[in-house]
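K.L.:
These protein sequences, in sequence, are chains A and B.
Numbering follows our numbering, in which position 57 of the first sequence is assigned residue number 58; successive positions increment by one, without gaps.
Numbering follows our numbering, in which position 228 of the second sequence is assigned residue number 985; successive positions increment by one, without gaps.
Misleading hints may appear alongside valid ones.
Stated by the list, open to error - Simulated restraints on C-beta separations:
| hint | chain 1 | residue 1 | chain 2 | residue 2 | range |
| --- | --- | --- | --- | --- | --- |
| 1 | A | 122 | B | 802 | 44 to 50 Å |
| 2 | A | 330 | B | 1005 | 57 to 63 Å |
| 3 | A | 323 | B | 842 | 52 to 58 Å |
| 4 | B | 881 | A | 171 | 46 to 52 Å |
| 5 | A | 323 | B | 791 | 53 to 59 Å |
| 6 | A | 211 | B | 883 | 47 to 53 Å |
| 7 | B | 1082 | A | 257 | 24 to 30 Å |
| 8 | B | 1082 | A | 129 | 42 to 48 Å |
| 9 | B | 802 | A | 211 | 27 to 33 Å |
| 10 | A | 171 | B | 883 | 24 to 30 Å |
| 11 | A | 211 | B | 891 | 21 to 27 Å |
| 12 | B | 1051 | A | 212 | 46 to 52 Å |
| 13 | B | 842 | A | 257 | 48 to 54 Å |
Everything labelled a hint here was simulated from the structure, so no lab data went into it.
All values reported here derive from a predicted model rather than from experimental measurement.
Backbone N, C-alpha and C define an ideal beta-carbon position, used for all residues, glycine too.
As a plain string of letters, each chain reads:
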Amino acid sequence: MAGLAGACALALTACSSSSSSSGPAAAASSPAGSSSATASAAAASKVTLVVYSAQGYDSAMTKAFTQATGIPVKLDDNSTGPLLTQIEASKNNPNWGLLWVDGATAFAGLDTQGLLLKGFEPSVAWNSLGTQSLPADKSYTPTGVTLMAALAYNKNKVKSPPTTWQQLLEPQWKGQVGMNDPSQSGPTFPFIAGMMNYLGGVSAGQTYFTKLKTNGLVIHPTNGPTLQALTSGQINLALVQSSAAIGAALGDKNIGISYLHPVTLLPSAIGIDAKAPAAEQAEAEKFIEFVLSPAGQKVMQSGDPTGDSLYYPVIQGVSPLASLPSLASTTTQTINPYTWGPQEATINTWFDANIVR
Amino acid sequence: MPLFWLLLAAFILAPCACFLLLAVSPRLFSQGSQWFTLTYLHQALTGGTATAIVNSLWVSSAAALVGIAVGFPIAWLVSRTTLPGRRFVSGAMWLVLLLPSWLPALGWERIVQPDGVMYRLGLDWPFVTHLIMGPSGVVLLLGLRCVPFSFLAITAALAGLGQEFEDAARVHGASRAAAMRLIIPILAPAIWSALAIGFAESISDFGVAATLAYNSNFPLATYQLYAAIGNFPPSFPLAAGMGWLLVAAVAIPLALQARALRGRSYAVLSGRTRQAVRRELRGRSRALATAGVALFFVVALGVPGFGAVSASLLADYGGSFSLTLANYHALFAQTNLAAAAGGGLLSPLERSLGYGAITATITVTGGFIAARLLARRRTKATGALDFLLLASVALPGVVFGAGYIFAYNLPIMSRLGINLYQTVTLLIIAYTAASLPTNARVLVGAVSQLQPSLKDAARTHGAGALVAWARGVLPVVSRPIVMAWMFTFCGVFLELPLSQLLYAPGSPPASIAIEDNLSTYHFGVGMAQSVLAVAIALAVVGVVLGGYRLLAPAGWRRIGGTVRG
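Start from the sequences, fold in the hints, and give me the full structure.
P.N.:
The structure is reproduced here in structure tokens:
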């Protein structure tokens, strides 16, 4: 028994010591503000770059990066949720180098907590999607863009798909529209926030989704199940991430894709750990430059051909894969991740309580 | 022994305690500004989370009862009658245990959901949809998962219970029913342990909570807890608040169990235990028993198996009924691609095989020691151990995972040069810590039957402590130990939440690879991978059981054996 008590005490001391030690650890943590000074440090010694990523092409990319630069990489390939949980739980002693996921709001959240290295911008020629997605403080770098939400529809049953968001509320689409649950599907909160932004505010958006629910909105957890409901005939219109919709259309010729106006841009982005050692930060910057280089873009477009590779590039001179519909006649919008990000928990809770149930 | 307590404290108590501390002192882990607050506990007791906790409580109690109500008769039929096909029953039970709980849930949903397989086959039965997609379906699915626990606990106990008790009752004129009334109380430790473990496993289950229960708008506590962590930014303190309530909940079956068993001895297994006699089943009773057991397996295995295998054979998200092996081809193409992309020498499936085998071996050793302690006279220390073990069963894997990050990724650890987070070592430690409690529970039924005379006899004849254990005790518990090993192996092989938070970057285990496919657009490939993984796990179970049959001395296998009556 004495042994147990002693061990308990030991365990508790171990826990409580975090408070006293987090201060010095944070203070000791590297030049978080600037990035240029770190470049020379990397050349001296190659440390392992730890990549946290939810992208389908990430293992192909890390392999190509190591081949090109000789920098060793460790890849934590996970869904976005667990990656963010890891980062938040380990924030007083982080061991990630860079994070690569979809959605600017998560990065804005990390940035507000001071967890991202600010001020790095690779020397590339952005196209308009790129400039729209770049944050003012340069705390993260867009690598591509998907749209939230694309409208995937059953071509056999739907001859003339709706063309505006308001039409989805009409009786002819009653019980036929499906979307994802924001508490399970990362890209769905930016969609909801995008609608609120477009309609003029949170309450206008809430009214819209409430009407959509009255018109028989069907909710499934994530892109996959919502698309499955489309192909199985439970619904005829699915509001999902564009890459998922296009990927499904590649495999099933009965699925058609269209964009309603406006669609919200969902950037895939990379952020660098503010507390990582200088050498690792420098390598992370190299990684970003590699991803946006012609060689890197080729890897992104071939690494997951029926999934994440179906993105719209953010660099001038790189065209999207042939299967992506043109954006020429589509109105796009960006939402400010710093104003919408902090509202994610409350809006998702509202959505779960009032729309999902 | 002090070392054992130290390991328990470091690897089970510390992570749990760190996580639970968060609820009242978020500042300790940089998760908020308060040094001490009761806000989060209060939050956990109000609104949606309170509803979810109440749902979890009654659903888990009902599931544990379903588990014993179905598991006990099957165990009895298999151990004590000439039920046709009884040899296959324990194998099939393993399969039930080995399926991750979301797989049956998805399989059932696929069949009964509106526009599901049932409707497409022309069976327009909306009442079945309502029955399954709701609380009763959740109880059914969780209950089915409790059946193998009951079955294993009861068969292990029946194996140690010789024929002499039944004979004694019958000789004194008792009817079969009266003999049963004598036997059941002797089996009380196994029954209570099955109930407690069923309750704890159900209340901590995430697979059903996140699929069937969620899709039926029937919130359960683990899902709410997960949502608190899954939201961004995550609220660890609120999740910890709910963790407190889950831990408090397992105190209920534990208290009941302690009350029921206090002050009694259940040591019935000695060197003189007689082989039990199987009862010949004939005519109607034979048909009824066979049909009942078959029905159980159709519901528990047939339906989800059909769901998963069919999903893996449909290329286009299940839109049509045309079967193809496209997903399996895609899986092998993906494996080759991953290997080409420097996925290392091991594929995720091979890696998980290794993790499972190592973890199971360590866990069984620890679980046996813990079971010995639990089976002894109850002291304050064993009471605490009992509660610690069961409480940690009730905490969902994601809590364990986060707890490990909080406890083992403290800055002070790094300064001491201990960098365990995201290493294979910590992953295996966490797997072990998470499986040990269940493992100890599975073993305690068999271990509490051991009479000390077995070892004493060996010592009297001059054997050393180790030899006495190996020749006096090991033979009688060899079968339960093999069972416990396989149970742990299967649990670890497809474990998801811990793996997600703790796996070593660059070395993904099988569940991560599967989840990766299921959550992106490669649903069919993920299903193909799950089917393959379950087949591999089953093959391992087959090899281990076959190996035990071939290699264990005949005398070892005779214990718990039966003769035909």
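K.L.:
Now tell me if each hint is right for this structure.
P.N.:
These are the hints, each one checked on the structure:
1. A:122 x B:802: 44 to 50 Å: Given range 44 to 50 Å: holds, Cβ gap about 48 Å.
2. A:330 x B:1005: 57 to 63 Å: Given range 57 to 63 Å: holds, Cβ gap about 59 Å.
3. A:323 x B:842: 52 to 58 Å: Once the Cβ atoms are compared, 57 Å apart, the range 52 to 58 Å for residue 842 of chain B and residue 323 of chain A holds.
4. B:881 x A:171: 46 to 52 Å: 28 Å, violated
5. A:323 x B:791: 53 to 59 Å: With Cβ atoms ~55 Å apart, the hint holds.
6. A:211 x B:883: 47 to 53 Å: 26 Å, violated
7. B:1082 x A:257: 24 to 30 Å: At 28 Å between Cβs, range holds.
8. B:1082 x A:129: 42 to 48 Å: 44 Å, holds
9. B:802 x A:211: 27 to 33 Å: With Cβ atoms ~29 Å apart, the hint holds.
10. A:171 x B:883: 24 to 30 Å: Roughly 27 Å apart at Cβ, these two residues keep to the hinted range, so it holds.
11. A:211 x B:891: 21 to 27 Å: Once the Cβ atoms are compared, 24 Å apart, the range 21 to 27 Å for residue 891 of chain B and residue 211 of chain A holds.
12. B:1051 x A:212: 46 to 52 Å: Since residue 1051 of chain B and residue 212 of chain A have Cβ atoms about 50 Å apart, the given range 46 to 52 Å holds.
13. B:842 x A:257: 48 to 54 Å: Hint holds: Cβ distance 51 Å, inside 48 to 54 Å.
Taken one by one, the earlier hints fail for this structure at numbers 4 and 6, listed in ascending order.
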